[in-house]
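Engineer: Could you put together the complete structure from these sequences and hints?
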Amino acid sequence: MKKGYIYTIIFMLLIAFVFSAILATTNAISKDKIKNNEALLEKAAILSAMNIEFTQDEIIKLSENIVRGNNNEFIYYQLEYGTVIEKYAIYFEGAGLWGTITGYIGVSNDLTTMLGIDFTYQNETPGLGGRIEEKWYKDQFKNLLILNFPIEYGEGIDAITGATSTSNAVIKMINETINSKVSKLGGIQ
Amino acid sequence: MISEIKTVLNRNLWKENPVIRQILGICSALAVTNLAINSLVMGIGLMFVTALSSFTISLLRNYIPQRIRMIVQTLIIASYVILVDIFLKANLPEISKALGPYIGLIITNCIIMGRAEAFAQKNPPVISFFDGLFAGVGYTVILLGIALVREILGFGTIFGMVIPFVKFTPWTIMVMPPSGFFMIAIFIWISSSIMNKRLNKEKVKK
Chain A
1 MKKGYIYTII FMLLIAFVFS AILATTNAIS KDKIKNNEAL LEKAAILSAM NIEFTQDEII
61 KLSENIVRGN NNEFIYYQLE YGTVIEKYAI YFEGAGLWGT ITGYIGVSND LTTMLGIDFT
121 YQNETPGLGG RIEEKWYKDQ FKNLLILNFP IEYGEGIDAI TGATSTSNAV IKMINETINS
181 KVSKLGGIQ
Chain B
190 MISEIKTVLN RNLWKENPVI RQILGICSAL AVTNLAINSL VMGIGLMFVT ALSSFTISLL
250 RNYIPQRIRM IVQTLIIASY VILVDIFLKA NLPEISKALG PYIGLIITNC IIMGRAEAFA
310 QKNPPVISFF DGLFAGVGYT VILLGIALVR EILGFGTIFG MVIPFVKFTP WTIMVMPPSG
370 FFMIAIFIWI SSSIMNKRLN KEKVKK
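Protein chains in written order, with the working numbering: chain A, 1 to 189; chain B, 190 to 395.
Think of the hints as simulated: they come from the structure by calculation, not from any bench. One thing to keep in mind: the hints can contain errors.
[Stated by the list, open to error] Here are a few chain B residues that face chain A, going by a calculated C-beta distance under 8 Å:
1. Met259
2. Val261
3. Ile271
4. Leu272
5. Pro290
6. Pro367
These figures come from a predicted structure and were not determined experimentally. Note that the Cβ used here is the ideal one computed from N, Cα and C, for glycine as well.
Structural biologist: Here it is as C-alpha cells:
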C-alpha cells in the first residue's frame, strides 16, 4: 500500500483534529466540575490544617465562616464568628524534591500553638515522599507549642524512611512559615 | 474467537509476559511496587489505555500511512491518557490527588506502544482490544506480586492493613528503590527457570 505525501499530510491533520476535538470537548464539559473539586480540596485542606474534624458533606457548610485574612504580604485565612477570630490557616509553598509543595498551616487565635498541617499540592515520589499526605505524618504536627520552634525530627516527630529530602523540605517550610509569618497574623492581639 | 482470546490470554500472562519475559514497562514496575494499592491502580490505568488504544489503532490500521504510524500511535495513546486524567479529576478527585504523577506516566509505558506495533497493527479490532487488555493484566499481576512481597516485608502491611499476629522489624531496604531491582530479577529468574524446564521437556518428547 503505497501512499503519497498529500494523503499522509491530510491523514495526520485529520487525526490530530479529531483527537484534539474529542479532548477539547471533554475538557470543556468537565472544566467546571474540576474547578469545583479543586476549590473543595482547598477548603478541606484549610479545615484540616485548623484541626477541625469534618466529613465530605460538611465541607461547604463549615467553610462558611472561613474568611480570607487581610494582609498584603502573604495569604492566610481565618475562622471567625462575628468579630471573634477562632483560628488561622497560613498558606505556604516551597521546594520539595521534585516540585513545589503547597499547603496550609493552622495556628491558634492566641498565636501560641501550631494546630496542624495539610497539603494542597505535591509532586513527590509516590510511596516515598508522597507519604507526607498520610494521616500519621500530618498528625505529628498537631498542637505544637510555637514556643518550642524551630522543631526538628527526633522526639515525637518522625521523618519518612527513604524520603529524607522531602521530609527535610517539609520541616524547613514549617519552621520558616511559623518563624516569619505568625507574628504578623491578625494585626493587634 | 474464544480460542483466539485464550491464546492471547496465555501469551500475555505467561509466555510473553510484558514485564518478566519481554522486560517492558520496567521503570514503572520499579517505581510503584512498594505499595500494593499503587501497583493496582497503575495496572488498572494501563489495562484501560492499552486495550482502548490497541482497539483504535487496529480500527485505523489500514488507513495509517506506514511512514507516520508511530506519531499516530503516540497521539492516540496520549489522548486516552489525558481522557483518563480528566475523568479522574472530574469524578474521583481524591484518587486523582493521590495518583497525581502516575497518570501521566502511563504514556511512557513501553507496553502500550509495544502492543500497538506488535499486534494491533496487523490484527482486527476486537482481538486487539483483548490483546491490549491482557497485556495490562499480565503487567498488573506481576506488579502486584512484587508489591505484595515488598509491602509485607518493608511495611508489615497488605494493602495498607497491618498484618495480624506476626510482629517483626520491617526491612527498610524493601521500601527503597534498590529492592525493586532485586525483586524483579528474582521474578524473572524464577519464570525463566520454569520456562526452560518446560522447553527441555518438550524437546525430549520430540
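Engineer: Now, for every hint given, state plainly whether the structure supports it.
Structural biologist: The hints, checked one at a time:
Because the closest C-beta pair between B:Met259 and chain A is about 12 Å apart, greater than 8 Å, the hint is violated. For the restraint placing B:Val261 at the interface with chain A, the shortest Cβ-Cβ distance is roughly 6 Å, inside the 8 Å limit, so the hint holds. The restraint placing B:Ile271 at the interface with chain A holds, with a minimum CB-CB distance near 6 Å, inside the 8 Å limit. Here the hint on B:Leu272 is kept, as its CB sits about 6 Å from the closest CB of chain A, short of 8 Å.
The closest approach between the C-beta of B:Pro290 and any C-beta of chain A is roughly 6 Å, which is under the 8 Å cut-off, so the hint is satisfied. Nearest Cβ of chain A to the Cβ of B:Pro367: about 10 Å, over the 8 Å cut. The hint is violated.
Violation of the numbered hints given earlier is confined to hints 1, 6; the remaining hints are satisfied by the structure.
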